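S.K.: The residues making up each chain are set out below.
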Amino acid sequence: MSAVSTPERLVSLRNISKHFGEGTTRVDALRDVSLDVTPGQVVALLGPSGSGKTTLLNVIGCILEPSKGRMCLEGEKVYDNRWLRSDLRRLRLDKIGFIFQFHNLLPFLDATDNIAIVLELAGLGSKEANARAVELLEYLEVANRRAALPAKLSGGEAQRVAIARALANRPRIILADEPTAALDSARAGIVMDLLRKLASEQEAAIIAVTHDEKIFDRFDRIYELRDGRLDSGSDRPN
Amino acid sequence: MNLAYRDVRHNVGRFLLASVGLSLLMAVVLSMMGIYNGIVVDALAIVRAPQADVWVVESGTRGPFAEASRIPGDTREAIARLSGVTFAGSVTYQTVESEYRGGKIRLFVIGYELGRPGGPSEIVAGRAIGRSHYELVADRRSGLKLGDRIRLGRNVFNVVGHIENQVNSAGDPVVYITLLDAQKLQFELAPPAARIQVARGAVPEGLDTVNAVIARVLPTVKPSSVAEAARRWKHLAAMTQSEQENILTSSVVDKVRRQIGLFMGLLLVVSAVIIALIIYQMTMEKLKQIATLKLIGAPDRTIIGLIVQQALALGMIGWALGYVLVTNIKDYFPRRVVLEPENAFVLAAIIFVVCLLSSGLGVRAALRVDPATALGS
Ligand SMILES: Nc1ncnc2c1ncn2[C@@H]1O[C@H](COP(=O)(O)OP(=O)(O)OP(=O)(O)O)[C@@H](O)[C@H]1O
Ligand SMILES: [Mg+2]
Chain H
1 MSAVSTPERL
11 VSLRNISKHF
21 GEGTTRVDAL
31 RDVSLDVTPG
41 QVVALLGPSG
51 SGKTTLLNVI
61 GCILEPSKGR
71 MCLEGEKVYD
81 NRWLRSDLRR
91 LRLDKIGFIF
101 QFHNLLPFLD
111 ATDNIAIVLE
121 LAGLGSKEAN
131 ARAVELLEYL
141 EVANRRAALP
151 AKLSGGEAQR
161 VAIARALANR
171 PRIILADEPT
181 AALDSARAGI
191 VMDLLRKLAS
201 EQEAAIIAVT
211 HDEKIFDRFD
221 RIYELRDGRL
231 DSGSDRPN
Chain V
1 MNLAYRDVRH
11 NVGRFLLASV
21 GLSLLMAVVL
31 SMMGIYNGIV
41 VDALAIVRAP
51 QADVWVVESG
61 TRGPFAEASR
71 IPGDTREAIA
81 RLSGVTFAGS
91 VTYQTVESEY
101 RGGKIRLFVI
111 GYELGRPGGP
121 SEIVAGRAIG
131 RSHYELVADR
141 RSGLKLGDRI
151 RLGRNVFNVV
161 GHIENQVNSA
171 GDPVVYITLL
181 DAQKLQFELA
191 PPAARIQVAR
201 GAVPEGLDTV
211 NAVIARVLPT
221 VKPSSVAEAA
231 RRWKHLAAMT
241 QSEQENILTS
251 SVVDKVRRQI
261 GLFMGLLLVV
271 SAVIIALIIY
281 QMTMEKLKQI
291 ATLKLIGAPD
301 RTIIGLIVQQ
311 ALALGMIGWA
321 LGYVLVTNIK
331 DYFPRRVVLE
341 PENAFVLAAI
351 IFVVCLLSSG
361 LGVRAALRVD
371 PATALGS
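Going down the list, the protein sequences come from chains H and V.
If you're matching positions, the first sequence starts at 1 in my numbering and goes up one per residue.
If you're matching positions, the second sequence starts at 1 in my numbering and goes up one per residue.
Pulled out of the complex, with its shape left as it was, chain H reads as follows (with noise of 0.2 angstroms):
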């Protein structure tokens, strides 16, 4: 399929299949699946446990290799039955955010810092990181914590600093492992008309995973996926 390399696709999968052993302990997480996300839009995963969604958003990050299929990353063809790249971990910088359903903070940097580390990572001189990174903070409306340790943040204060953390290199892919799990439901929508709005202003793709029905209807669109098989996907129920 042509399709694969069309550009205004942020995010294509093509037939991606991924098991993990062999013979009698092989598990096939993941069975021919094909998905596409395109700018703006912001996307649900469900699925029981052991479905296969954090295998999918892990091959989607970059993360773990898949055992074939296609896969295209903001028009660029990153994986055809191998990896294309060899500096995985540049990708991820440039293009993926990642949330964690922990916000897994470095605990020994401060909420800026945090934020900081992974522009400079990408080669901003500090004070432009610094800069940049209180912006952030700013933006998600955690400016007055800037100096505080993760230790000292509240679950909703680290999980947007976090949010700031995936957004810092203005990454067009958001990938989200639970992201509201750890927050009350007042603040699991918080942060998701905060990732909506992102995902407008920046025209990134957002690709959430979540057991949470309350904020179901803030997703463009909900995929299913049972024993690695993606359905086809639902419009926003509304």
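It is possible that some hints are incorrect.
[What the hints assert, rightly or not] With a Cα cut of at most 30 angstroms, we get these calculated BS3-like pairs of lysine-lysine:
1) V:288 - H:68
2) H:127 - V:288
3) V:255 - V:104
4) H:152 - V:288
What the hints contain is simulated information worked out from the structure, not anything from laboratory work.
Note that the structure is predicted; figures quoted are calculated from it, not measured.
Got chain H; can you put chain V with the ligands on it based on the hints?
M.R.: Chain V with the ligands in isolation, oriented as in the chain H frame:
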């Protein structure tokens, strides 16, 4: 921003504790080096004190320090007559144990002829020996005070002067007495033993025996040629000052060096293991953070840098604290501790390498960690 520094600052108490522990090890290594240097310096100080060019001793021996040597006292006149010799003097060396203020002290007694080479080079307090009997000049470390009286053998001596930094290779402080007193101390039999010898009809052994004769030569004359000339007497052996120094450093000090070297080697291995364990432990605690760093795209060199810099900082802080510690306590050691800057630098270089090697374990663990582990809980 420097991640290694930030992480250390976050756990500063524990990091400093580890550094202090390491610094104690470093202090022990440095003081070992210092003690070894001290032994060499002390040994050489005694050989150098008489400012001799040639040493004449008993044939077949490498005396008077490495081996016992006895030669007739009139050897000195024979040596003085050799061409090129400006001064010659007889000397004796012996270790004596004596009572002093209710305790025992060991002294290294040097006998010399007044007005001839072999006496103390510099008196730091009091005066030099002025009378031919029963006066002594002592190293400060002996604890003897000016004006004190001390019994050596059967005679009581007055302490008239102090010298500094002269102890033998066993650490016993040096005292100088006149040759005549020293000969009595060393060779005279106790009266009952002497009476038995006379009763048996033995000819009383001459008291005029010395351990060595030292000679100074004209600047234009090679000491080796004078030594050569002295060796023509069959009962004598002779060596130059540098040969004498070599004998001391190679035979007398060599065992000490190997012993201390072995200790230092063991201590360095222990330090390496400790550094490796600390670094490994610090890395294991950070595995999740390292996985996160990899996930957000940090290159390996950032992660290796984090670990290696911490290892080096640990080693260098430990080294510096150890150095400061040793320089502050070295005067309280029973033996002289001589720390050369080179020693400290050599140790720094060794610790640098040890840190690099021992951070390998941590680096390996960090590089193996799968970035995906950051995603799980
Ligand atoms: N590294 C691995 N080695 C072997 N099997 C794995 C590995 N990672 C995942 N699996 C298996 O692949 C399947 C999909 O796992 P995955 O983590 O993607 O599920 P999930 O949908 O994220 O589940 P949950 O909702 O519990 O997080 C599971 O059966 C899991 O046991
Ligand atoms: Mg999962």
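S.K.: Now look at each hint and say whether the structure bears it out.
M.R.: Each hint, compared with the structure:
1. Between residue 288 of chain V and residue 68 of chain H the CA atoms are separated by roughly 29 angstroms; this keeps the pair inside 30 angstroms, and the hint holds.
2. About 28 angstroms separates the Cα atoms of residue 127 of chain H and residue 288 of chain V, which keeps this hinted pair within 30 angstroms; it holds.
3. Straight-line distance between C-alpha atoms of residue 255 of chain V and residue 104 of chain V comes to about 27 angstroms, which keeps the hinted pair within the 30 angstroms bound.
4. Straight-line distance between C-alpha atoms of residue 152 of chain H and residue 288 of chain V comes to about 19 angstroms, which keeps the hinted pair within the 30 angstroms bound.
The structure agrees with every numbered hint stated previously.
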